[in-house]
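Peer 1: Sequence:
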Amino acid sequence: MPHKHVKQLNWGAERRNAFIEFRVFWHGRINRSDLMETFGISLQQASLDLSGYSDKWKRNLVYDKSQRAYVRGKNFTPHFSTPSAEDYFAQLRAVDQGLVSREQSWIGAFPGYGATPTPARGVAPETLRDVLAAIHEPAALQVNYQSMSRPEPSARWIEPHALAFDGFRWHARAFCQNDQVFKDFLLSRIVEIGKRGPVTSDPQQDDAWHSEAVLEIGPHPDLSPTQRRAIEMDYGMEEGRAKIPVRRALLFYALKRLGLDTDPAARQPQDQQILLLNRYDILGPIEPAGEK
1 MPHKHVKQLN
11 WGAERRNAFI
21 EFRVFWHGRI
31 NRSDLMETFG
41 ISLQQASLDL
51 SGYSDKWKRN
61 LVYDKSQRAY
71 VRGKNFTPHF
81 STPSAEDYFA
91 QLRAVDQGLV
101 SREQSWIGAF
111 PGYGATPTPA
121 RGVAPETLRD
131 VLAAIHEPAA
141 LQVNYQSMSR
151 PEPSARWIEP
161 HALAFDGFRW
171 HARAFCQNDQ
181 VFKDFLLSRI
191 VEIGKRGPVT
201 SDPQQDDAWH
211 SEAVLEIGPH
221 PDLSPTQRRA
231 IEMDYGMEEG
241 RAKIPVRRAL
251 LFYALKRLGL
261 DTDPAARQPQ
271 DQQILLLNRY
281 DILGPIEPAG
291 EK
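Taking the UniProt record's numbering, the leading residue of the sequence shown gets 1, the next gets one more, and so forth.
It is possible that part of the hints are untrue.
Said to hold, decoys possible - In silico lysine-lysine, DSS-like type, Cα no more than 30 Å apart, as pairs:
hint	residue 1	residue 2
1	Lys256	Lys243
2	Lys183	Lys195
3	Lys74	Lys58
4	Lys256	Lys183
5	Lys243	Lys183
6	Lys74	Lys56
I should point out that these hints are in silico values taken from the structure, not numbers from a laboratory.
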């Protein structure tokens, strides 16, 4: 999103200006061919984009004749984007996972990159398509679902209203007509989708989905001062704590992913590096409810 003080441009011009800032911030330089290759524009348009941006924000871009490119100015201040390490990492992961090609990514020079493998999740595209249609319509779906508690898939009616990601798996957040409660259904465990029907619930009544819990985490007190400082840096803590908001419906998954779902005394401080400082507040009045 462009900053508020930037005069409104058409979407294409905004995107190209945001791209200029991305390349210059992360790679220190940009030339006309970068714009031409990424957006499929003419040499003339690329020249107009760069000269127009440089004229407007002279301190951001400096033309370097030896490189035949614009380089980042000492007082670079973005106006169409907000540099984010998370966004950069997301682009790396998207390319690594084959979601976009290197040519489609805004990253110009890729660093060496590796990631731990993510197990494949067997979500059929037809399943996702039908769940999305039910969310948008809205509609109820008759599904055969493989739960952990039954040896065979069982039939049930669900009313999906949102998708949820627990860090590894995708779920449909839905009202279960059989149990008369809102719960999560793993998309990969939906064996078959049958009939469609009318909804009987209001998604606004899914209180756990529409309310938040705030996890307050801190380094384990039995770590050394140096170790505690390292953990504080890992999690961006201030004064020894960090706050992480999470939907109450996803609390079970968040605690599990952070290693906060078990008794911290059962693990060594070096293994249980962080603690839930407001454990009573979180686990007392709220009962995490994961998929059954």
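Peer 1: Would you mind marking each hint as holding or not holding in the structure?
Peer 2: Against the structure, the hints come out as follows:
1. Lys256 with Lys243: Distance of about 16 Å is within 30 Å: holds.
2. Lys183 with Lys195: holds (20 Å)
3. Lys74 with Lys58: holds (11 Å)
4. Lys256 with Lys183: holds (17 Å)
5. Lys243 with Lys183: Holds. Lys243 to Lys183 sits at ~25 Å (cutoff 30 Å).
6. Lys74 with Lys56: Since the Cα atoms of Lys74 and Lys56 sit roughly 16 Å apart, the hinted pair holds (cutoff 30 Å).
Violation of the numbered hints given earlier is absent; every hint is satisfied by the structure.
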